[in-house]
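A.B. asks: Chains as they are written, first to last, in this note's numbering: chain X, 1 to 377; chain G, 1 to 315.
It is possible that some hints are incorrect.
Said to hold, decoys possible - To spell it out: a stretch of chain G is covered by chain X in this simulated footprint if at least three of its residues, at any positions, have a beta carbon under 8 Å from a beta carbon of chain X; those stretches are:
1. 50-60
2. 87-94
Unchecked claim - Negatives, chain G to chain X, calculated, CB over 10 Å:
3. 30
4. 75
5. 97
6. 125
7. 143
8. 185
9. 186
10. 188
11. 189
12. 272
13. 278
14. 287
By construction, these hints were calculated from the structure, which means they are not laboratory data. Glycine residues also receive a C-beta, built at the ideal position from the N, C-alpha and C atoms.
Okay, here's what each chain looks like letter by letter:
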Amino acid sequence: MMLRTWMIMWKEFRQIARDPRMLTVVVALPTFMILLYGYAINLDVRDVRMAVYDQSRSRQSRELVDAFARSGYFHIIAYPEDDREVTALLDGGRARMVLIIPVRFARRLADGDTAPVQILVDGADSTTASTALGYVAGIVQEYSSRVALVTVYRAGLTMRGAWKPVENRTRYWYNPELRSNNFTIPGLIAVILMVLSALLTSVTVVRERERGTIEGLLVSPVRPMELMLGKLAPYVLIAFGDVLLVMAISSAVFHVPLVGSPALVLALAGIFVIAVLGIGLLISTVAPTQQLAMVAAVMATQLPTVLLSGFIFPISSMPKAIQLLSNILPATHFIRILRGIFLKGNDLAILWQPALVLAAIAVAMVLLSANRFRRTL
Amino acid sequence: MTLTSNEYAVTISDLVKKFGSFTAVDDVSLTVGRGEIFGFLGANGAGKSTTIRILCGILAPTSGSGTVAGMDIVRETEKIKTRIGYMSQRFSLYEDLTVTENIKFFGEVYGVYGERLAQRTAWILEMANLRERRDSLTGELAMGWKQRLALGCAMVHEPDILFLDEPTAGVDPASRRRFWELIYTVAEQGVTVFVTTHYMDEAEHCDRMALMHRGRIIALGTPAELKERYIAGTLLEVWAEPMMAALECLNSLPVVREVAMFGSALHVVVGSLEDVDSLRAALETMDIRIERIEPARPSLEDVFVALIEHAERGA
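Given these sequences and hints, build the entire structure.
C.D. replies: Okay, structure coming up:
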């Protein structure tokens with residue numbers, strides 16, 4: 001049993017070593033993917049292009065505009081003079097947002113009235129729009145309370161310092177600077193390993209079938225389970241090398257901190273990789289040709305993982321049926337694990353559940369493959 | 001040849017294999033004695049490979065029973081696998097492994113390792129004449145060498161029975177001859193060889209054979225028995241000009257049982273040698289020039305052509 005499994009593994013290693021395409025898939029593909037996605041997927045909203053139509057032209061209005069400029073989130077690119085110009089700026093996409101300060105702005109403030117300002121936002125890009133509006137609310141709130149203070153002071157009331165009735169002091173835990181890379185890169189590691197691992201094993205069994213070498217194995221005393229384990233083992237090592245590669249890049253290039261235990265990340269990555277290699281193996285026992293197996297492997301992993309694993313889009317806002325689907329994806333659980341360990345320093349006491357699910361998927365995939373293989377002789 | 005039951009390498013009775021509504025193997029029964037070279041003949045799709053696959057434990061029969069090396073072909077497939085060697089019609093070694101790597105792989109898979117593996121490797125390299133190419137990638141070898149290596153790998157664990165499924169398909173005649181010499185050597189060492197082919201000249205090398213047609217066995221016996229049993233009468237070879245006229249003329253004679261074109265001559269089956277005179281007379285009256293009339297030894301091809309025509313007419 002051990003010897004036969006070992007021999008299958010030995011044979012696979014020899015074949016892998018003689019296949020020059022393998023190096024491309026194993027080294028170039030993950031490097032390319034993490035750099036491409038890592039730089040392209042950036043959810044930070046900074047330097048939003050904004051225009052200001054200041055009808056008030058007062059000291060107060062300039063103070064407000066200044067508050068926007070200093071915040072760092074907005075980049076003022078134009079000062080339109082009439083409504084048509086405002087429309088043109090938004091239509092052409094040159095500005096994402098326009099701040100309109102009415103003529104009577106300063107006057108109303110002086111009278112102690114509420115002075116409305118108008119914000120026009122390009123809602124076509126809803127993600128950027130809602131993030132930017134959050135910043136706008138903060139800036140306007142801040143300015144507003146300063147004006148209130150000054151007014152109270154002038155009225156003859158004195159207060160110690162800048163008194164605010166209630167002040168919220170928000171602290172972002174785990175990712176204090178809210179760097180979106182810290183959120184996306186751990187997810188990206190899962191996406192890349194998912195696509196790559198499934199691809200690696202997807203051709204191993206079909207190739208034997210296409211080349212006719214399967215016959216020699218079938219008449220030999222090799223059992224289906226020995227064949228599956230022997231085929232899996234070399235790719236577990238290779239995929240593990242890729243775990244190290246993408247983790248090294250994520251820390252060296254994207255400076256994602258690893259708060260928790262590196263050993264725990266590697267151990268759980270090992271389980272994840274086996275689960276996904278198992279999916280590839282299962283595809284390989286079903287697919288009629290190598291080409292089809294590779295296409296199926298990419299289709300079955302890339303899109304579902306990007307969309308459903310919580311890599312970018314929160315699972316909690318998906319419909320219930322889709323949530324079920326996302327829960328059978330190994331990547332969903334691995335992303336939970338990666339974010340937990342990388343950013344929060346979680347240990348197994350917290351992460352045992354996703355770890356257990358991954359292990360269950362891994363075992364199920366290998367058993368299913370061996371069973372499929374036995375039935376499709 | 002008489003055999004007691006424990007001398008059988010292979011027994012099959014009433015074997016049936018259906019794929020959906022298609023019956024690939026239709027009620028086949030036969031026995032193969034230990035140390036025999038047993039030929040399994042028939043056209044492509046006649047059911048030869050399916051039968052072999054059932055015997056090797058890759059396929060389960062729809063019904064019927066059988067034994068290989070005394071073990072049941074349904075319940076003891078895993079035990080059977082360790083006692084047999086199999087070489088498929090498609091080349092089934094790893095082309096991206098070297099010659100010795102292939103031997104090592106198949107050897108260890110069959111539990112042959114260490115000193116015994118070294119001995120077997122040396123024997124295979126010697127047998128296949130591959131010593132100088134031991135470190136070549138298998139994919140770079142010529143077809144004849146690949147076949148011999150495949151035979152060697154199928155025998156690395158010294159099996160009792162060798163199943164060879166069209167082992168010489170696509171191999172040049174010289175390599176085919178060498179291959180059959182190897183089969184003889186192997187059989188002399190007591191190994192039973194069960195070989196399928198559709199080359200009639202190869203069939204002559206077999207101790208016994210079965211002819212398969214549309215899933216059924218339509219003839220079974222030694223080459224001599226088959227020739228005797230299925231060609232009743234005497235076979236004559238007739239060279240005459242013009243040939244088509246001679247064919248028509250002979251076909252109309254009552255003493256002639258069968259006429260067929262065979263290369264540049266006609267093969268004519270008659271009751272006995274004494275009928276030669278009446279043949280001459282008939283041809284001469286038709287102004288046909290006779291070059292030669294000679295008694296001929298029937299080839300297996302004559303037998304099989306006759307048998308298959310008979311089976312087709314019956315069907």
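A.B. asks: State for each hint whether it applies.
C.D. replies: Hint-by-hint comparison with the structure:
1. 50-60: holds (count 4)
2. 87-94: holds (count 6)
3. 30: Residue 30 of chain G is indeed farther than 10 Å from all Cβ atoms of chain X, at 20 Å.
4. 75: Residue 75 of chain G is indeed farther than 10 Å from all Cβ atoms of chain X, at 16 Å.
5. 97: violated, 6 Å
6. 125: holds, 19 Å
7. 143: Correct as stated: the minimum Cβ-Cβ distance to chain X is 14 Å, above 10 Å.
8. 185: holds, 22 Å
9. 186: At about 17 Å from chain X, residue 186 of chain G clears the 10 Å cut-off, so the statement holds.
10. 188: holds, 24 Å
11. 189: holds, 21 Å
12. 272: Label holds. Min Cβ-Cβ 50 Å, cutoff 10 Å.
13. 278: holds, 56 Å
14. 287: holds, 58 Å
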